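Colleague: Sequence:
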Amino acid sequence: MDRNCFPCLHCINDNSNLYPARKMKRIIIYSLFFFASQFSFAKKDSCFECHNDLEDKLKKPVEMMKTDIHYQFGISCSDCHGGDPLIFDERAMDKKYGFIGVPDKKGIVQLCSRCHSNPEYIRKFNPGIRVDQLELYKTSKHGILLEKGDRKVAVCSDCHSSHGILPSIDSRSTIFPQRVPETCGKCHKDKEYMKEYGIPTDQLEGFSASVHGEALRKGELSAPACNDCHGNHGSVPPGIENIAYVCRQCHSSPAELFLKSPHKPAFDEMEISECEACHGNHRIEKPSDEMLNPQKGICLSCHERNSKGFSISEKMYSEINNLKSRIKEAELILNKVYKMGVEVSEAFLILQDAKSSLTNSRNLVHSLDIKRIEEVINEGLKNAEKAYKEGKKGEREAITRRKGFAFSLIFFVLLILSLFFRLRLRRREEI
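Those letters in the sequence shown? Residues 1 to 431, per our numbering, in order.
Think of the hints as simulated: they come from the structure by calculation, not from any bench.
Model, not experiment: these values are computed from the prediction.
Honestly, I wouldn't trust all of these hints.
[Stated by the list, open to error] With a cut-off of at most 20 Å between alpha-carbon atoms, the simulated DMTMM-like pairs for lysine to aspartate or glutamate come out as follows:
| no. | residue 1 | residue 2 |
| --- | --- | --- |
| 1 | K286 | E220 |
| 2 | K191 | D202 |
| 3 | K57 | D104 |
| 4 | K138 | E182 |
| 5 | K382 | D353 |
| 6 | K152 | E182 |
| 7 | K386 | E329 |
| 8 | K59 | D89 |
[Said to hold, decoys possible] Ranges between beta-carbon positions, derived for each pair:
| no. | residue 1 | residue 2 | range |
| --- | --- | --- | --- |
| 9 | A406 | S311 | 22 to 32 Å |
| 10 | K393 | E430 | 47 to 57 Å |
| 11 | S418 | N378 | 52 to 62 Å |
All C-beta atoms, glycine included, are put in the ideal place defined by N, C-alpha and C.
All chains should be built: construct the whole structure from the sequences, respecting the hints.
Modeller: Below, the structure written as structure tokens:
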């Protein structure tokens, strides 16, 4: 093969022993260039120079900016606060250089949107970033109140912080999924701060105790936080007519069943919010079959005893509990037989089908279609019964095995004893 046909391979093959050294040399050069450019950038910035020599809160921005996502892309103090970073005295903060110092609440929104609403500029850094944050914010409760002159509402810096802004995928970020409730709670759990708005302040407490909050705390980042239900920049408290649409983002199957149920027109007529009526909003507990309990269930909050609605809930509760108990019986016998060494993997698969029927029946509760629920439960009962019978069959097999083993053991013990005494008798005869 003519090596001249492959110039790249020609160089690599002829200098293969030098390649690691060249690679290391390049890494060192690039590293030196990077650190030198960073040092040069910081040295030329009078904001950094001066504030680094100050104390307490005036020095803190310098420390925080070192990890800031903007600073990593070469955006520094003067890009937001104005002024001339090349002048090393108070003239750097002259208004003729565009110095604005600390912007007010409304100014912060305009300041951030100057870049974040400019697709031509901002997408040089991140091609996929959204540029409609400002327009969405204007439609939010925060944005509307800000426009009316309320300076207590949240703006960009209240949620994202001002210096030391981290990307949302960084677990230290104020907008990392697990930290979003805490970020929103800074204002919304403060009774004194929120007093004039006349809204509850127990949302964070309720969410933290909810099934969603627990999942998020355990690291399930797909679990919803505040922004998943209320929105991010265009956040609004969902009204009665759209709470269900919020829940449907994740819970599509129960939502579809509810839409076809007798509850849907009744809830619409009475202006009752769909999901929230039974499950609550922030303090959403893990659903259980006890919600249908005829003695203390959620159905009693609307349906009187002996009413049609109450009898349906009572029937659903009874049917579901019946299937649960049959599954439990089958599971107990199969686990027992499995520990006895009998092969019952096929029976466990049948039992899993019964458990699937139980799950489906719980979901079908949203339809209130008792006939359909009974069909699914009956299918589950058949599988539970089949699994139970397989378990009992395995138990009999295990008992038979043990009896056979016991008889065999006794036989061999007797055989050994007879041989022992026979040999002993023969020795005596020989003596």
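Colleague: Take the hints in turn and mark each one as holding or not.
Modeller: Status of the hints after comparison with the structure:
Simply put, K286 and E220 have alpha-carbon atoms about 15 Å apart, close enough for the 20 Å limit, and the pair holds. Between K191 and D202, the direct Cα distance comes to roughly 9 Å. Compliance with the 20 Å bound is thereby established for this hinted pair. With a C-alpha separation of about 18 Å, the suggested pairing of K57 with D104 holds against the 20 Å cut-off. For the given pair, K138 sits about 23 Å from E182 by alpha-carbon distance, which is inconsistent with the 20 Å threshold.
For the suggested pair K382 and D353, the alpha carbons sit about 10 Å apart, so the restraint of at most 20 Å is met. A distance of roughly 18 Å separates the Cα atoms of K152 and E182; the hinted pair therefore holds under the 20 Å criterion. Simply put, K386 and E329 have alpha-carbon atoms about 12 Å apart, close enough for the 20 Å limit, and the pair holds. Using a Cα cut-off of 20 Å, the hinted pair K59 and D89 holds, with the two alpha carbons roughly 17 Å apart.
Range check, A406 to S311: Cβ separation about 55 Å, and the 22 to 32 Å hint is violated. Look at K393 against E430: about 55 Å separates their beta carbons, and that is inside 47 to 57 Å. Take S418 and N378: their Cβ atoms lie about 60 Å apart, and the range 52 to 62 Å holds.
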